[in-house]
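Enquirer: Protein chains in written order, with our numbering: chain A, 1 to 192; chain B, 193 to 783.
Treat the hints with caution; some may be incorrect.
Unchecked claim - Think about it this way: if two alpha-carbon atoms lie no more than 30 Å apart in a straight line, the pair counts; the simulated DSS-like pairs of lysine-lysine are:
id	chain 1	residue 1	chain 2	residue 2
1	B	Lys-747	A	Lys-123
2	B	Lys-775	A	Lys-157
3	B	Lys-719	A	Lys-177
4	A	Lys-177	B	Lys-712
5	B	Lys-719	B	Lys-729
6	B	Lys-520	A	Lys-121
7	A	Lys-116	B	Lys-520
8	B	Lys-673	B	Lys-625
9	B	Lys-465	B	Lys-520
10	A	Lys-94	A	Lys-172
11	B	Lys-775	B	Lys-756
In case anyone wonders, no lab produced these hints; they're calculated from the structure.
Okay, here's what each chain looks like letter by letter:
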Amino acid sequence: MNDSVTNILLVGVGGQGILLASEILSEAFMLAGHEVKKSEIHGMSQRGGSVVSHVRFGNEVFSPVVPEGEGDILFGFELLETCRALPLLRPGAKVVVNDYRILPPSILLGQAEYPKGLAEKIKAQFPDFLLVDGQGLALAAGDVRAANTVLLGAVSKRLSIADEVWQQALEKMVPKKALEINLKAFALGRAL
Amino acid sequence: MKEILSGNEAIARGAFEAGCLVASAYPGTPSTEILENVIRYREINASWAPNEKVALEVAIGACFGGARALACMKHVGVNVAADPLFTASYTGVKAGLVLVVADDPEMHSSQDEQDSRHYARFAKVPMLEPADSQECKEFTKLAFELSEQFDTPVMLRSCTRISHGKSIVALGERVNDLPAPKLVKDAAKLVMLPGNARVRHPIVEARTVQLSGYGDTAALNRMELRSDEIGIICAGVTYQYVREALPEASVLKLGMVWPLPHNLIRDFAAKVKQLFVVEELDPFVEEQVKAMGIPCRGKDIISLCGELSPGRIRDAFAAAGLIAAPVKTTVAPEVLPPRPPNMCPGCPHRGLFYQLNRANAYVTGDIGCYTLGFMPPLNAMDTCVCMGASISNGSGIVRSLPPEEQRRVVAVIGDSTFLHTGVNSLMEMAWNKAPATVVILDNRITAMTGRQENPASGFTLDGEPAPEVNIPELCRVLGIKHVRVVDPYDLDATRLALEEEMNRPEPSVIITNRPCVLIKGAGRFEKGAVLEVDQGKCTGCKACLRIGCPAIEWKPDPSGTKGKAFIDPQLCTGCNVCQQLCKFNAIGGKQ
């Protein structure tokens, strides 16, 4: 176990902007002077399938994949996927979740039901828990597609990285025309 | 200057810094982004090839002309490129030649998890294996240098976690003192007739011995001595997992996995009490260490299947009683509804697979997004072996069948896969008059790997307009008499085309003509009017659910047994396929 490393997992469904969020996170950690590694899967799994992105930072990071049971922060873009990732966490891990559901095929077809009370269940196991209305706050910032940045803002509160570093990372990674809305969305998340 | 780069981006950067002039590849996860990043460096002539064999031959040609050249592919691509690889090993090079191969342990996006290290040994060429993005860049540069120093193609092996992992890389400058490419006749070295090849073979064997000696002292193989209780030989991403899982262990980190540095291995083995080889997939290094007469362990505790991780290594060593069992303090996994990959809303393949299912077709499949036609509720794929196999598998299967079963056989293949290796198969089918039906799903792009151009898409890698292969005409000149184009969004036309061609006791081809919904631009995908379900007219018959569109949701009625269908306006592309399934006219344009 490597205690000098912070392990972040970003989970959700292909197409939710998870890659961009993990890129901004990694950029911020590098700018703050940390060693950073990140890993995710591209290709077939991204056609609407589950996506897990691993981001690790600290003094010396070896594996690009978070060791099982050592996740420190879970950053969930979708409730069901957040639940699926809980076994990757260490006890006492922090969980920030978007209050949002994307239905998998079996549920769309009426063959299964979306499990109820997921947020409460997560909170019972991980009390350091924040449920975020990502879509609602993104809409308030000007574009529902900025939900990933709202969540990033909420996660940023749980990391000791200065405001100006986040600003710099966002400026570098977000396309110019979307920057203003994303900065607003980030600030709304950070204020939670 | 430092940047966070993926392994693939770093390999591209390494090729740039090494002065590479020509690069060629066929897209394949997890290797695709290498060439997509190489093209950002305008000094390099980079282009997609129709398949991996052609890509490697383009790179070999460029190297014969004196240019440092790069070819990239996924592990199974090397099977296609094996023919030129084995003989390029004999010819050697005229300038650095590097073949990057990206393996996919765990088969995140592949049909098998073959271990391409065997190719290095089989073709007798050196193979380097980087362990992070910085090494991806450095080893790519080194591979070009070793290629010239030892007169050999050099393979660089990545894997999913290296190619798609990101870490910090210090950037360098491009070398600018390389000799300019020019034609130099050297037929005795480059014309591999038996007489010439017999001269080259002993040179190849001597080269392997020299490279092993190089590996004994070169910095790319590194001994890290810590506790002498456990010593581990490892390479690539596995090195990172080992450092994480067994921080006290001594490590011999191999940067070159073929040929192995025999003296260095003996030296390391003598320094530790128990020697292990930890490697993903096959016992490639382990068997050679054992053949050297050095006792070691590896696959008796580590799985042959799937990728490794710090946890899997820790568990394996704990199960063998070598370290204390890790404390399991995590939440137990729960059974939750799975989320498999699915075709996109509006995907032009959906209607075709719906009709194939209805026609009771036996579908020989191929590699691409449309392999998802296997998934419920479409359930319309019966075989899938490798790129191009759909047509030849179909051609083969009909030969043994009675006529009433012959008609059921339909091969499905995408445009890019057809041009990759399907053309040869169709030539065979026409030539030998195999009475199967082929459907070419022409969505005008190589979709699964992230939308790369192909010879029929009208553009090159750098976005320049290019000649387009005329697929219907190509089928005709191959000898197929019955070629027709159908709109897969038109369910009746698709059903009729399938019915007629399946009943025809001759080879025939149907080409679907709708572009991938993810490609934008003139003449490509255009979104239609978004549809909605008229809740008054919906009878809850579930007919629209049979196409498995992610935009259609079944909402059970809270009071009774029946429910109704809803269409998510954010996801609907207006393809109208579901509308054609509704007998009650409940689906229409959104008001």
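Enquirer: Would you mind marking each hint as holding or not holding in the structure?
Expert: Against the structure, the hints come out as follows:
1. B:Lys-747 - A:Lys-123: Status holds; Cα separation ~27 Å.
2. B:Lys-775 - A:Lys-157: 53 Å, violated
3. B:Lys-719 - A:Lys-177: 23 Å, holds
4. A:Lys-177 - B:Lys-712: 19 Å, holds
5. B:Lys-719 - B:Lys-729: OK: Lys-719 (chain B) and Lys-729 (chain B) at ~25 Å, within 30 Å.
6. B:Lys-520 - A:Lys-121: 20 Å, holds
7. A:Lys-116 - B:Lys-520: Given that 30 Å is the threshold and the Cα spacing comes to 27 Å, the pair holds.
8. B:Lys-673 - B:Lys-625: 11 Å, holds
9. B:Lys-465 - B:Lys-520: 29 Å, holds
10. A:Lys-94 - A:Lys-172: 27 Å, holds
11. B:Lys-775 - B:Lys-756: 14 Å, holds
The structure does not agree with numbered hint 2 stated previously, though it agrees with all others.
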